[in-house]
Amino acid sequence: MHSTKAITSSAYAAITTIAFVVVITVVGELSEPFKEWLKGISGHHWTTKSIFSVLLYSILTVALSFVPGLEREKHLQRALRFLLIVPIVGVLVLFAFYTAHYLKLF
Amino acid sequence: MIAPSLALLTFFLHTALMDIFTLLQSKPVLIGLHLGAAIIGIDLFLWLAGKFKDNTGSQRSRIITALLGVSAFIMSWISGGFYYVQYYGTLVKPIIKSGAASWAHNISMETKEHIFLFIIPLAMTVFFITLLDKAKIDALKIRRSAVWLSSTVAVLGLLIGALGFTVSAAARWGLMN
Chain B
1 MHSTKAITSS
11 AYAAITTIAF
21 VVVITVVGEL
31 SEPFKEWLKG
41 ISGHHWTTKS
51 IFSVLLYSIL
61 TVALSFVPGL
71 EREKHLQRAL
81 RFLLIVPIVG
91 VLVLFAFYTA
101 HYLKLF
Chain D
107 MIAPSLALLT
117 FFLHTALMDI
127 FTLLQSKPVL
137 IGLHLGAAII
147 GIDLFLWLAG
157 KFKDNTGSQR
167 SRIITALLGV
177 SAFIMSWISG
187 GFYYVQYYGT
197 LVKPIIKSGA
207 ASWAHNISME
217 TKEHIFLFII
227 PLAMTVFFIT
237 LLDKAKIDAL
247 KIRRSAVWLS
257 STVAVLGLLI
267 GALGFTVSAA
277 ARWGLMN
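Those sequence lines, one after another, are chains B and D. Here our numbering is used: the first residue of the first sequence is 1, the next is one more, and so on. Here our numbering is used: the first residue of the second sequence is 107, the next is one more, and so on.
Bear in mind the hints are in silico, worked out from the structure with no lab data behind them. Misleading hints may appear alongside valid ones.
[Stated by the list, open to error] Dumping the calculated BS3-like pairs for lysine-lysine here, alpha-carbon to alpha-carbon at most 30 Å:
hint: 1; chain 1: D; residue 1: K240; chain 2: D; residue 2: K159
hint: 2; chain 1: B; residue 1: K35; chain 2: D; residue 2: K203
hint: 3; chain 1: D; residue 1: K133; chain 2: D; residue 2: K199
hint: 4; chain 1: D; residue 1: K203; chain 2: B; residue 2: K104
hint: 5; chain 1: B; residue 1: K35; chain 2: B; residue 2: K104
hint: 6; chain 1: D; residue 1: K133; chain 2: B; residue 2: K39
hint: 7; chain 1: B; residue 1: K104; chain 2: B; residue 2: K39
hint: 8; chain 1: D; residue 1: K159; chain 2: D; residue 2: K242
hint: 9; chain 1: D; residue 1: K199; chain 2: B; residue 2: K74
hint: 10; chain 1: B; residue 1: K39; chain 2: D; residue 2: K203
hint: 11; chain 1: B; residue 1: K74; chain 2: D; residue 2: K133
hint: 12; chain 1: B; residue 1: K104; chain 2: D; residue 2: K159
hint: 13; chain 1: D; residue 1: K247; chain 2: D; residue 2: K159
hint: 14; chain 1: B; residue 1: K74; chain 2: D; residue 2: K203
hint: 15; chain 1: D; residue 1: K203; chain 2: D; residue 2: K133
hint: 16; chain 1: B; residue 1: K39; chain 2: D; residue 2: K199
hint: 17; chain 1: B; residue 1: K74; chain 2: D; residue 2: K159
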């Protein structure tokens, strides 16, 4: 695999994985049946999220490496810039969500 | 004569392996592995950030540093995850929830356990960057991003550590009260 393409693919896969973790976590807290479904897969909702995140990241990294044009410099720079922002937003969203949930704001 | 010796050796090996396996599943060892491996991962990614920033270190040393860092975080993930799934929910969570700082579980632990899932994809992306040589990194104008991404991995690790501290402290207070 082209090294530049590997970085871009990994960065986009990481962005998607982080967003995925945030979304299924929030949905899981708001929907008990969904959380139970996650729990039913591996015995614990967190274990299922871990397995899903590893699978999603790995599959996407490999799949994106077949997308033509991703080795271009502008894609690489854009992907890395996004990857710097997404985890920070993810942390803030999760922290704010659990704080609001604890304070019974919803 | 050979057969009994072989059987004895197999028995001792099996016993030793079972002892190690049992030891690895004990709570203090799991917590120690979780914390120790995370500290190693944090240090290695901070070191890597410095290498990217100052443009020092051979490509081989950067690759090894990133690989060891990723491995350390994977070990921390597995040991911490095993502890969390096997023991935390039944032994620690009820103590925290019944104490004066139940927020430590509802906010700190819940946030911490999910932020951890961000680290491996981020760290793997940094590892892929180390596969490029210094000249290529500069030519692609991604050295600054490499510094920030390596630092983000380390800072996320530190944040998870700080949240973990509040959880442990809340459990101790819960036991005392």
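These are the hints, each one checked on the structure:
no.: 1; hint: D/K240 with D/K159; in the structure: holds (11 Å)
no.: 2; hint: B/K35 with D/K203; in the structure: holds (20 Å)
no.: 3; hint: D/K133 with D/K199; in the structure: holds (15 Å)
no.: 4; hint: D/K203 with B/K104; in the structure: holds (16 Å)
no.: 5; hint: B/K35 with B/K104; in the structure: holds (19 Å)
no.: 6; hint: D/K133 with B/K39; in the structure: holds (23 Å)
no.: 7; hint: B/K104 with B/K39; in the structure: holds (24 Å)
no.: 8; hint: D/K159 with D/K242; in the structure: holds (15 Å)
no.: 9; hint: D/K199 with B/K74; in the structure: violated (47 Å)
no.: 10; hint: B/K39 with D/K203; in the structure: holds (21 Å)
no.: 11; hint: B/K74 with D/K133; in the structure: violated (48 Å)
no.: 12; hint: B/K104 with D/K159; in the structure: violated (44 Å)
no.: 13; hint: D/K247 with D/K159; in the structure: holds (13 Å)
no.: 14; hint: B/K74 with D/K203; in the structure: violated (49 Å)
no.: 15; hint: D/K203 with D/K133; in the structure: holds (20 Å)
no.: 16; hint: B/K39 with D/K199; in the structure: holds (18 Å)
no.: 17; hint: B/K74 with D/K159; in the structure: holds (21 Å)
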